[in-house]
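Residue numbers (UniProt numbering), protein chains in the order written: chain A, 1 to 323; chain B, 1 to 175.
Treat the hints as calculated values from the structure; they're not laboratory data. Watch out, some of these pointers could steer you wrong.
As the list claims (entries may be wrong) - Computed list of lysine to any residue pairs in SDA-like fashion (alpha-carbon distance at most 20 Å, straight line):
1) A:2 - A:27
2) A:313 - B:4
3) A:308 - B:172
4) A:200 - B:135
5) A:252 - B:4
As the list claims (entries may be wrong) - Some residues of chain A that are not near chain B, with every Cβ distance over 10 Å (derived):
6) 3
7) 9
8) 51
9) 134
10) 135
11) 159
12) 185
13) 213
14) 232
15) 301
16) 314
17) 316
Computed from a predicted model, the values in this text were never measured in an experiment. Note that beta-carbon positions come from the ideal geometry of N, C-alpha and C, so glycine has one too.
Okay, here's what each chain looks like letter by letter:
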Amino acid sequence: MKYLSSIGLSAKDETVLKSLIDLLGARTSEEWIYRDDVMVDALLLDFDNSEAVAAWNTKPESVRRNTIAYSSEIPGISFARRLAKPLRAADLIAVLKDIEENPGKADKAPASSTPPPSTQAPSEISTLAECVARHSEGLLRLTFGDREVVLDRQRRCFSTSESGESLAALLAHPFQEFQVTRGADVNLPPDGSIKWLDQKALLWLVGQSGSHGRLIDGLEQGGLFRITRWPGFGLVRPSQTVLTLCSMLTRKNAMSIEEIRSVSGVPEFDIIAFINAASLTGILVAQSGDAAKPDKPAAKPELPTERKGLFAKIRSRLANTRA
Amino acid sequence: MSEIKVIITGTPGAGKTTAIAAISEVPPVRTDTATTDELADVKSETTVAMDFGELTLEDGQKVFLYGTPGQQRFEFMWKILVQGGLGLIVLVDCTRADPIADMGMYLDNFADFVAETGAVIGLVKRDVNDTPAVDDFYQALSQRGLMFPVLEVDVREQGDVSLMIEALVSLLEFA
Ligand SMILES: Nc1nc2c(ncn2[C@@H]2O[C@H](COP(=O)(O)OP(=O)(O)OP(=O)(O)O)[C@@H](O)[C@H]2O)c(=O)[nH]1
Ligand SMILES: [Mg+2]
Numbered sequence: 001m002k003y004l005s006s007i008g009l010s011a012k013d014e015t016v017l018k019s020l021i022d023l024l025g026a027r028t029s030e031e032w033i034y035r036d037d038v039m040v041d042a043l044l045l046d047f048d049n050s051e052a053v054a055a056w057n058t059k060p061e062s063v064r065r066n067t068i069a070y071s072s073e074i075p076g077i078s079f080a081r082r083l084a085k086p087l088r089a090a091d092l093i094a095v096l097k098d099i100e101e102n103p104g105k106a107d108k109a110p111a112s113s114t115p116p117p118s119t120q121a122p123s124e125i126s127t128l129a130e131c132v133a134r135h136s137e138g139l140l141r142l143t144f145g146d147r148e149v150v151l152d153r154q155r156r157c158f159s160t161s162e163s164g165e166s167l168a169a170l171l172a173h174p175f176q177e178f179q180v181t182r183g184a185d186v187n188l189p190p191d192g193s194i195k196w197l198d199q200k201a202l203l204w205l206v207g208q209s210g211s212h213g214r215l216i217d218g219l220e221q222g223g224l225f226r227i228t229r230w231p232g233f234g235l236v237r238p239s240q241t242v243l244t245l246c247s248m249l250t251r252k253n254a255m256s257i258e259e260i261r262s263v264s265g266v267p268e269f270d271i272i273a274f275i276n277a278a279s280l281t282g283i284l285v286a287q288s289g290d291a292a293k294p295d296k297p298a299a300k301p302e303l304p305t306e307r308k309g310l311f312a313k314i315r316s317r318l319a320n321t322r323a
Numbered sequence: 001m002s003e004i005k006v007i008i009t010g011t012p013g014a015g016k017t018t019a020i021a022a023i024s025e026v027p028p029v030r031t032d033t034a035t036t037d038e039l040a041d042v043k044s045e046t047t048v049a050m051d052f053g054e055l056t057l058e059d060g061q062k063v064f065l066y067g068t069p070g071q072q073r074f075e076f077m078w079k080i081l082v083q084g085g086l087g088l089i090v091l092v093d094c095t096r097a098d099p100i101a102d103m104g105m106y107l108d109n110f111a112d113f114v115a116e117t118g119a120v121i122g123l124v125k126r127d128v129n130d131t132p133a134v135d136d137f138y139q140a141l142s143q144r145g146l147m148f149p150v151l152e153v154d155v156r157e158q159g160d161v162s163l164m165i166e167a168l169v170s171l172l173e174f175a
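Same shape as in the complex, but just chain A (with noise of 0.2 Å):
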């Protein structure tokens, strides 16, 4: 059993959540249930609240952990939680699963009610991907034991003591466990020696391998992602996941993670690490989760299970001729 309550909300929007809350039901591990006189395990902020952030503030520790901003705009970055107006159960659904699964995730206060997400104090790199997202300038070289990836980002290039499959494994490792150089620091061999490859399949094998299920920086939760083409895979063959979210997210519309897990069946840590490659490669458009979504297209019509049949019957026919 998981309580949740909130702070600032408008009446209409109180009223919306619990009758949410109620209908959640087994769409969740927990039972949510709506209460403001015990110790919750959530708590939904009308961020676009000032007073409301004002009182947030002065709350102990305890009461804020786990806080979900809620607001109309992208909310200041040092919430590692967001929701979007207005309130959407599959977007509620997505940020009490994690809740329920990272419960604690660090949050930071906010300087102040509406802070610009620029002036944030970015919060601690916790991820691979979230490393090579913020380095946008210059060399950044990653060791491990003695194996090693440089990239030259004014170049678009890296090179690596690895191959492949081997690159993919090496990136997949806790980020701490690498040892981070960067810029003036990193000594290259003489040019000739080293080879050099195009840094868009480095770039989106971090993203597959070394996102641990976050979200990089500046991406919502609860936002809207498609892509503008298919990537170029590169070094790595691409998985059959891989490949129908690269089908889902060309669709013309954009859509939610909760939205692709549901129709995709793909675990949501799949989405985010394809999310984030494809933002690190630069092919990704992520809308706010409350821009003005174009009437939901009618849904796509459910394939006969026959054909969906037929379908898996291809793949596993071919998953045998894979190298």
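We have chain A; now place chain B with the ligands onto it with these hints.
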């Protein structure tokens, strides 16, 4: 059980026969013949009817791979060939003068079929010539209101041919 087929098209020499040979369980039924006309300078053999290959699924059902004859004078066959097809693979030979126009020509020729199903664009011989940029192909597609995967492939590699078919299946199921 109706026949499941994937159609592979592209200019003469793009690699349709090669692609089918790379993945088919049976040696492709070659209908190649010695080239006699202007193509003779480029290639000694060309496909005059169609290439044919097959894959057997776990329950015994077959997927047939048909390669269209590349030369435009066999165009009359294309419409018959595609009836009931699952989707189209267009191989674009990047050593030719205007690969984007080649792609456009096949998308026009198969416009009805492609609209009903979907297509995968395979860019071949990128080792010889890696222009135009992949983005330029996407732009040409988007001008036609289309969004299909454009994949750089080597059709001599079974895995690359497999990837094109897998991408086609994903497209049909999820796009
Ligand atoms: N260098 C290079 N050669 C390739 C590549 N892919 C295919 N080829 C060669 O290109 C040629 C393709 O020939 P075919 O497979 O007969 O072409 P086709 O499309 O069946 O031609 P038609 O039957 O005349 O329409 C073969 O010689 C292949 O070895 C590639 O990626 N790089
Ligand atoms: Mg041929």
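Under the criterion that the straight-line Cα-Cα distance not exceed 20 Å, is the pair residue 252 of chain A, residue 4 of chain B satisfied? 28 Å, violated
Please verify that the nearest CB of chain B lies beyond 10 Å from residue 316 of chain A's CB. 6 Å, violated
Would you check whether the claim that residue 314 of chain A is not at the interface survives, using Cβ distances to chain B and the 10 Å cut-off? The claim breaks: residue 314 of chain A does not keep its Cβ more than 10 Å from every Cβ of chain B (closest is about 5 Å).
Is residue 2 of chain A close enough to residue 27 of chain A, meaning Cα to Cα at most 20 Å? 14 Å, holds
Check on residue 134 of chain A being off the interface with chain B, judged by Cβ distance over 10 Å: 25 Å, holds
Beyond 10 Å from each Cβ of chain B, as asserted for residue 51 of chain A: 46 Å, holds
Measuring Cβ to Cβ, find out whether residue 159 of chain A lies farther than 10 Å from everything in chain B. Non-interface label stands for residue 159 of chain A: nearest chain B Cβ at 20 Å, farther than 10 Å.
Beyond 10 Å from every Cβ of chain B: is that where the Cβ of residue 232 of chain A lies? Residue 232 of chain A is in fact no farther than 10 Å from some Cβ atom of chain B, at 6 Å.
Would you check the hint for residue 200 of chain A and residue 135 of chain B, treating anything up to 20 Å between C-alpha atoms as holding? 13 Å, holds
Residue 9 of chain A non-interfacial with respect to chain B [C-beta, more than 10 Å]: With a cut-off of 10 Å, residue 9 of chain A remains clear of chain B, as the shortest Cβ separation is near 37 Å.
Say whether it holds or is violated: residue 135 of chain A keeps its Cβ farther than 10 Å from all Cβ of chain B. The assertion about residue 135 of chain A holds, with a minimum of 24 Å to chain B.
Is residue 313 of chain A close enough to residue 4 of chain B, meaning Cα to Cα at most 20 Å? Holds - the C-alpha atoms of residue 4 of chain B and residue 313 of chain A are around 12 Å apart, at most 20 Å.
When held up to the earlier numbered hints, the structure conflicts with 5, 14, 16, 17 and fits the remainder.
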